[in-house]
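So the chains spell out like this:
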Amino acid sequence: MAEDNSYLKDFSRGIIKENPVFRLLLGMCPVLGVTGYLVNGVGMGLASTAVLIASNVVIASLKNFIPPQVRIPCFIVIIATFVTIIEMMLQAFQPVLYEALGVFVPLIVVNCVILGRAEAFASKKPILRSLVDGVGVGIGFTLALGVLALVREVLGQGTVMGPDPESAIILFGENFEPMGLFGQPPGAFIALGLLLGLVNVLFKKFHI
Amino acid sequence: MERLLSIIFIYILVDNFVLQRFFGICPFLGVSRKMETAIGMSMAVVFVMTMATLVTWLLYSFVLVPFNLEYLQIVTFILVIASLVQLVETSLRKISPTLYQGLGIFLPLITTNCAIMAVALLAVREEFAFIEAVVFGIAASIGFSLALVIMAGIRERLEMANIPEALQGSAVTLITAGILSLAFQGFRGMLTL
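In order, the protein sequence lines correspond to chains A and B.
For the first sequence, my numbering begins at 58 and goes up steadily by one.
For the second sequence, my numbering begins at 25 and goes up steadily by one.
No lab work stands behind these hints: they were computed from the structure.
Quick caveat: nothing in here was measured; it's all calculated off a predicted structure.
From the three backbone atoms N, C-alpha and C, an ideal C-beta is built for every residue, glycine too.
A hint or two may mislead.
[What the hints assert, rightly or not] Distance condition first, Cα-Cα at most 35 angstroms in a straight line; then the derived DSBU-like pairs of lysine-lysine:
hint, chain 1, residue 1, chain 2, residue 2
1, A, 262, A, 120
2, A, 120, B, 118
3, A, 261, B, 58
4, A, 74, A, 182
5, A, 66, A, 262
6, A, 262, A, 182
7, A, 182, A, 261
8, A, 182, A, 120
9, B, 118, A, 74
10, A, 262, B, 58
11, B, 58, B, 118
12, A, 66, A, 182
[As the list claims (entries may be wrong)] Residues of chain B placed beyond 12 angstroms of chain A at every Cβ, according to the derived structure:
hint, residue
13, 26
14, 39
15, 67
16, 70
17, 89
18, 117
19, 121
20, 141
21, 170
22, 189
23, 194
24, 204
25, 216
[As the list claims (entries may be wrong)] A short list of chain A residues far from chain B (calculated; beta carbon distances all over 12 angstroms):
hint, residue
26, 74
27, 114
28, 142
29, 150
30, 161
31, 168
32, 207
33, 221
34, 241
35, 243
36, 245
37, 257
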């Protein structure tokens, strides 16, 4: 039973209490850079999650073979390998998303969430727990990207599921004038700042 | 020459790396609390970014492309940047201990500064020539420094301000960055390559 609890804790910690974006402010570049549209934000979140889970598992299983002095370069090479795999897969199967995310796909390699989990968790804990941790933190990261992207897309474009006109759902009537600011760089900073404020209020209210 | 000048102008003001492109947000939020650390970090970034663009461009054009190894781009670039940072750190300690004392603590942080990786990747993606790539690296790092130093100046004053409780800390910093970004938005469309 105690074992089960610790898995649950590993899983939920990354989503709420130590949410990488809203609580720890890690991996901010893609958070701000690709959240103009919900599809892009969630796509980026899932790509990062895949890299995070894979690198967590591999690092946890290799932890006894990696000499502690050179562990950071080893982690980086492992992460970079998975990023290359994800980049190629996106290019092959999701070319539209790949184009939209642009240079932020290879930049997953310097996402501090992934290296942070490798250093703080996967390099010390067993394989299964690292897997659970990777899934939890990944969901937390994707969730944060999704929430921010949803806010920005609804306010900045007045749609959900854009930019592809076939899947885009127009939310408001014809007279709605979207707040272009939220589609542009300043809006990303301001929306995330306000969301952080909201999260602070909620955490205080529910004593998390 | 004209093209070089426009690269400088674009990447310092129009397409500022931090405020318009969102590269290097972590150090931007992390070390902008004091002017002194902001300047230290800026100098370290200018140094490493210029070197990194130079080395990765040469490596990409003369090793990876001739041998059809473009798919190794990410692994190569990150290793080059990591070892470059290490090299700069070690040589600086030997050559100029005073400079090392100023930049020392910021150097290890730079490995995961995504602005460095971004500049290396973009120099290749935009198909810049060698000189253009180096100028691009310098301009991007000056743009980064400009944003960091302005932000540090604002945050030093913000310490004294009366901020609503929920927005204290990083929330108000992000909103401030948003307003700053709005100001840089004024340069939008002034120049394109």
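What hints, given by number in increasing order, does this structure fail? Violated hints: 1, 9, 14, 20, 22, 23, 24, 28, 30, 31, 34, 35, 36 and 37; rest satisfied.
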